[in-house]
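Model the full structure from these sequences, guided by the hints.
Going down the list, the protein sequences come from chains L and F.
Per this note's numbering: the first sequence = residues 1 to 288.
Per this note's numbering: the second sequence = residues 1 to 275.
Don't read these hints as lab results, they were simulated from the structure.
These numbers were taken from a predicted model, which means no experiment stands behind them.
All C-beta atoms, glycine included, are put in the ideal place defined by N, C-alpha and C.
Hints are supplied without guarantee of correctness; some may be wrong.
As the list claims (entries may be wrong) - Here are the computed lysine-lysine pairs in the DSBU-like style, where the Cα-Cα straight-line distance is at most 35 Å: (1) Lys14/L with Lys201/F; (2) Lys73/F with Lys74/L; (3) Lys242/F with Lys13/L; (4) Lys240/F with Lys149/F; (5) Lys240/F with Lys74/L; (6) Lys203/F with Lys150/L; (7) Lys153/F with Lys73/F; (8) Lys149/F with Lys181/F; (9) Lys74/L with Lys13/L; (10) Lys240/F with Lys184/F; (11) Lys153/F with Lys181/F; (12) Lys14/L with Lys204/F; (13) Lys149/F with Lys218/F; (14) Lys189/L with Lys181/F; (15) Lys14/L with Lys181/F.
What the hints assert, rightly or not - Calculated Cβ distances over 10 Å to all of chain L for the following chain F residues: (16) Leu13; (17) Arg21; (18) Pro74; (19) Thr128; (20) Phe171; (21) Ala220; (22) Tyr232; (23) Thr239; (24) Leu251.
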Amino acid sequence: MPIEVNGLFHSYKKGTPFEKEVLFDINLTIDDGEFIGIIGPTQSGKTTLAQHFNALFIPRQGRVIVNGANTADKTADLVTLRHNVGYVFQNPDYQLFAPTVGEDIAFGPRNQGLAGEEIEHRVREAMEQVGLDYGTFLGRDIYALSGGQKRRAAIAGVLACHPRILILDDITAGLDPRGRDEILGVIRKLHREQNITIIYISNSMDEVAELAERIVVLDRGRIAFDGTTREIFSHAEQLYAIGLELPEVMVIADRFRELGYSLPPAILSLEEAVDAISTALHEGRVAD
Amino acid sequence: MELTKNITLGIYLPGETFVHRLDPRTKIIASVILIVLLLFIRSYEAYGIFLIFTAAVIFISGIPPGFALCGLKPMLPVLVLMWIFQLFLYRTPGSDVIFSWWIFSATDTGLHMGNLITLRVLFLFTVTTILTLTTSMVSLTDGLENLLKPLRKIGLPSQELVMTMVIALRFVLILAEELDKIVKAQMARGVAFDRGNFLQKTKKIFPVFLPLFINAFKRAEELIIAMESRSYTGGKGRTKMKTLHLGRVDLAAGLLIFLFSALIVFIIVSIQPQI
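This is the structure in structure tokens:
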């Protein structure tokens with residue numbers, strides 16, 4: 001289920017004095033099974049672009065084609081499309097609305113017109129995927145959940161629709177480090193085991209570097225870079241000019257290199273960094 | 001999907017025009033006068049002149065006419081319904097039936113009443129929209145507070161009332177933005193808000209309100225904390241950074257409003273209403 005974006009422009013509040021152009025000439029293809037990170041400073045158009053992928057925004061100029069269907073086509077089945085392209089929103093408070101966790105997760109499958117048993121099965125499966133215990137949380141009041149649990153419930157609500165593409169909009173904001181790691185683990189597993197295409201929107205370079213295989217950098221509504229993670233981070237200067245910083249692990253690795261240690265190029269995750277640095281320390285400085 | 005696009009209530013359009021430069025008190029009083037006049041207008045001639053006047057104000061203040069009117073779009077169904085009710089239900093003993101259908105019959109007085117009421121609502125909306133579009137929240141608050149000050153003597157907490165009103169106005173846009181997000185989140189999980197008959201559509205609205213209300217309460221609570229942490233304790237003893245001054249523009253505007261009111265009053269008195 002590929003996504004193809006051609007010459008997409010978008011302006012917010014079109015036709016009013018507050019009109020603001022948000023996207024300029026976006027061209028992008030996302031293939032099946034990709035793990036793609038979309039980064040950019042705030043107001044760079046990340047969310048607006050991503051909401052074109054599941055037809056929450058319909059292009060007025062340019063085209064968005066999801067699985068061969070043009071979202072601007074009047075006859076396109078947008079409801080099915082939105083089930084196939086799941087979207088987890090920035091703030092779970094906007095997404096969760098049913099009284100209990102179970103009812104909220106069942107909302108999507110029910111809209112798909114599934115039968116009672118199948119819905120129950122989907123709810124159980126989705127809760128297991130995100131690590132919410134079925135027995136404990138099924139009847140739990142939504143507003144009694146912690147921040148991390150709300151995120152999980154929100155993700156489960158989308159997963160229960162069985163999406164083929166999952167858009168995650170800054171989902172780790174406001175989570176504590178452990179909650180964050182657990183959620184990211186869930187995402188990785190979904191990608192690995194079910195080959196779901198993941199579109200991961202974030203402000204955090206560290207997260208994107210660690211997770212994504214490909215990165216699209218947005219700068220004031222334009223695509224500044226589009227390439228593999230390693231390629232992107234070789235443009236440190238330009239990224240800095242846009243207002244983005246290199247992942248911390250890369251900065252640390254660079255400092256070690258400056259000090260004369262030999263480290264492999266392009267270290268992207270904390271684990272890689274730990275391994276490389278301990279090996280380097282063990283071997284001693286190159287100069288010695 | 002952009003619900004906030006058509007909202008003009010509570011939005012300020014910064015500018016440097018004659019209308020923008022007026023003292024907020026002048027604008028508030030002028031709006032009140034216009035609103036009172038509207039309540040008494042019962043003839044199309046007076047509405048015609050009123051239309052010319054408001055159009056001129058919109059032109060002078062540099063508000064794009066389309067934008068000034070787009071706030072009316074969401075109200076349109078209500079207006080049409082109101083007009084239909086008046087058309088069929090309002091009648092006086094001597095009114096002629098224009099046409100009848102089944103048990104309903106439309107009368108000429110009903111038609112006239114429907115037109116008048118619809119026009120009245122349209123103009124009421126336009127006058128208040130012009131006021132808020134050309135006056136920033138801060139000066140609107142200052143102006144209202146200043147005008148209501150005498151009422152403090154009889155125990156009316158004018159400052160608090162104005163603050164509450166201004167916050168409410170501000171929340172219109174905030175709530176619309178939140179509604180936009182909630183609607184999107186539900187569309188993303190397969191709700192088709194645009195599909196189904198009236199009843200089905202109405203049913204789909206309910207799940208939207210729960211998160212909206214809960215978020216609104218949360219926001220209100222956060223606002224209270226933010227205000228209290230900046231030592232807000234109500235209106236007593238508050239001083240102003242900017243004091244209000246009436247200038248020459250206000251005199252000119254006052255004169256204009258006076259002449260216009262006189263004209264409208266003359267029309268109201270001299271032209272017999274059709275009913």
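Tested hints:
no., hint, result
1, Lys14/L with Lys201/F, "26 Å, holds"
2, Lys73/F with Lys74/L, "23 Å, holds"
3, Lys242/F with Lys13/L, "33 Å, holds"
4, Lys240/F with Lys149/F, "14 Å, holds"
5, Lys240/F with Lys74/L, "56 Å, violated"
6, Lys203/F with Lys150/L, "25 Å, holds"
7, Lys153/F with Lys73/F, "42 Å, violated"
8, Lys149/F with Lys181/F, "40 Å, violated"
9, Lys74/L with Lys13/L, "22 Å, holds"
10, Lys240/F with Lys184/F, "42 Å, violated"
11, Lys153/F with Lys181/F, "45 Å, violated"
12, Lys14/L with Lys204/F, "27 Å, holds"
13, Lys149/F with Lys218/F, "32 Å, holds"
14, Lys189/L with Lys181/F, "28 Å, holds"
15, Lys14/L with Lys181/F, "18 Å, holds"
16, Leu13, "6 Å, violated"
17, Arg21, "18 Å, holds"
18, Pro74, "14 Å, holds"
19, Thr128, "18 Å, holds"
20, Phe171, "16 Å, holds"
21, Ala220, "14 Å, holds"
22, Tyr232, "26 Å, holds"
23, Thr239, "33 Å, holds"
24, Leu251, "29 Å, holds"
Violation of the numbered hints given earlier is confined to hints 5, 7, 8, 10, 11, 16; the remaining hints are satisfied by the structure.
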